[in-house]
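As they're listed, the protein sequences go chains P and H. Count along the first sequence from 1, add 5, and you get the number used in my numbering. So in my numbering, spot 90 of the second sequence is number 74, and the numbers just go up one at a time.
In case anyone wonders, no lab produced these hints; they're calculated from the structure. Do not rely on the hints blindly, as some may be mistaken.
Mimicking DSS-like on lysine-lysine, the simulated pairs with C-alpha atoms at most 25 Å apart in a straight line are [stated by the list, open to error]:
| id | chain 1 | residue 1 | chain 2 | residue 2 |
| --- | --- | --- | --- | --- |
| 1 | P | Lys465 | P | Lys455 |
| 2 | P | Lys343 | H | Lys10 |
| 3 | P | Lys32 | H | Lys76 |
| 4 | P | Lys291 | P | Lys443 |
| 5 | P | Lys343 | P | Lys404 |
| 6 | H | Lys77 | P | Lys343 |
| 7 | P | Lys343 | H | Lys76 |
| 8 | P | Lys420 | P | Lys291 |
| 9 | P | Lys455 | P | Lys294 |
| 10 | P | Lys338 | H | Lys76 |
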Amino acid sequence: MEVLMHITYLVAAVLFILGLKRLSSPKTARSGNLMGASGMLLAIIATLAFTQILDWTWIIVGLVIGAAIGAFLARWVAMTAMPQMVAVFNAFGGGASALVASAEFLGYLEPGIAAPTFVISLTIVLSVFIGSITFSGSFLAWAKLEGHWERAITYPGGNIVNGLVFLGIIVIGAWIAVMPGVPIEWFIVLAVLALIFGLMFVMPIGGADMPVVVALLNSFSGLAAAATGFVLDNNVLIIAGSLVGASGLILTNIMCRAMNRSLANVLFSAFGAHVEAVGDGDGRPKIAKEINAEDAAVLMSYSNNVVVVPGYGLAVAQAQHQAREMSDLLGEKGVTVKFAVHPVAGRMPGHMNVLLAEANVPYDQLYESDDVNGEMERTDVVLILGANDVVNPDARTKKDSPLYGMPIINADYAKNTIVVKRSLNPGFAGTDNPLFYKDNNRMLFGDAKKVLTALVSELKRM
Amino acid sequence: MEGLDLLFSIYILVLAIFVGFEVITKVPTILHTPLMSGSNAISGITIVGSLVVAGMVADPARTILGVIALIMATINVVGGFMVTDRMLQMFKKKEEREA
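When you get a sec, could you build the whole thing from the sequences and use the hints?
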């Protein structure tokens, strides 16, 4: 019977690998996700069928409650809130691993049970440590993505305090791993310190870097599951956990590269904690010229090609549907419209693509920065919707700018630019944007949704 | 877990890490968000461990930990796969949208 269980686990593991593989192309992604889900279902069925389950009550209660909450959240979450949702799910996954390892630890304390081996103690400690960090860190990431304590919060010597807490965790963890029979109080101290460390490690990181943190914590929750696999001597946990651990790390790395920053810089530099004053710099006052919706609509409808650069402001205003309507109307007038999506547009890499897909923008109308940058000089109008840092030319030219080196969309090379924005305030990086003051740029102030609605009605009248 | 058993588990760990690296390297940005939530759902595999703990007749403390773990892991798994599917079903090409 045990052989059958392990064969089923093997099939599940293969399904996870194939599923992840298929997630890397838009054509196969949906089937890939279904494969992953089937793998999970198989692993659950095999576990229920082939292990000695003595009491089904709690299993049914747990599965029903968990499935109901999970399905409810998944069904009703707004697409704009997707990064928060992933953070919450991730918190639960990490927390579950830590709790399973804790229950195993308690099991070894019972009288008549042999003390755990070094490997088991060590992996229990690792699972509790990584799982707890994932739990508390992901919840704080959720809060920051929701807009609470959004800026990087730092205090002098913060990194040293974090280092000391980390050292404390290592010492207690090593003690528990090496010496069987350490009092349970110390185990609780370990878990609490790990929870606190999770908070302290996310606290100094700014809101817009949260996606990187969530990707990293996603990788952690995989590692916690893999550690739990060692505790339980269960290979499917080891395989699935390390798959996610490795892929999460790659994804974290890809995201950092899109911002041209190292992971260390994201985690420890308190990016975005300082805000530069707007408008000064070289001393003379800078003037940004305005345009109204009517003129903007005329300018775009008499263009050959328009590139739309959507940013986080579009997502906040929930204006993706209006953006699609405007692009359809321009299309009917013979204007070629492309959406240029920067890798870190929205609140999470790839998030803008999801939002535009929700608004029914076909994905072959979406372009990456490099695809549009080559033809920017021949582009008549670039319409920038609630984006800022990703079109800031300082990233190319100003060496002391926090954005320097980040690949951007070269909107400033286009013949005309229109920036739709609520104010001239700086973006997340806390730095002013010289694009706003260029001669061929016009500001169209207002909330993205209202502005786009106005543009749509102007275009309809023409 | 001792000796050869442990060694085999480490084999599996190392190979799976390499597979994880290889599988993910070439993902277009457009799919990063679904990929993150999909792989996140897979990390809910710890549900298997929580099933074992919750189904044992043990002292109440362990059962409570097991049941809480089971609820959290199930939220992770069910929610994660469902929300990923919800995102992915929206990705359409132009022809598909007009069809």
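Against the structure, the hints come out as follows:
no.: 1; hint: P/Lys465 with P/Lys455; result: 15 Å, holds
no.: 2; hint: P/Lys343 with H/Lys10; result: 24 Å, holds
no.: 3; hint: P/Lys32 with H/Lys76; result: 9 Å, holds
no.: 4; hint: P/Lys291 with P/Lys443; result: 9 Å, holds
no.: 5; hint: P/Lys343 with P/Lys404; result: 30 Å, violated
no.: 6; hint: H/Lys77 with P/Lys343; result: 14 Å, holds
no.: 7; hint: P/Lys343 with H/Lys76; result: 16 Å, holds
no.: 8; hint: P/Lys420 with P/Lys291; result: 20 Å, holds
no.: 9; hint: P/Lys455 with P/Lys294; result: 20 Å, holds
no.: 10; hint: P/Lys338 with H/Lys76; result: 23 Å, holds
Of the numbered hints stated above, the single one contradicted by the structure is hint 5.
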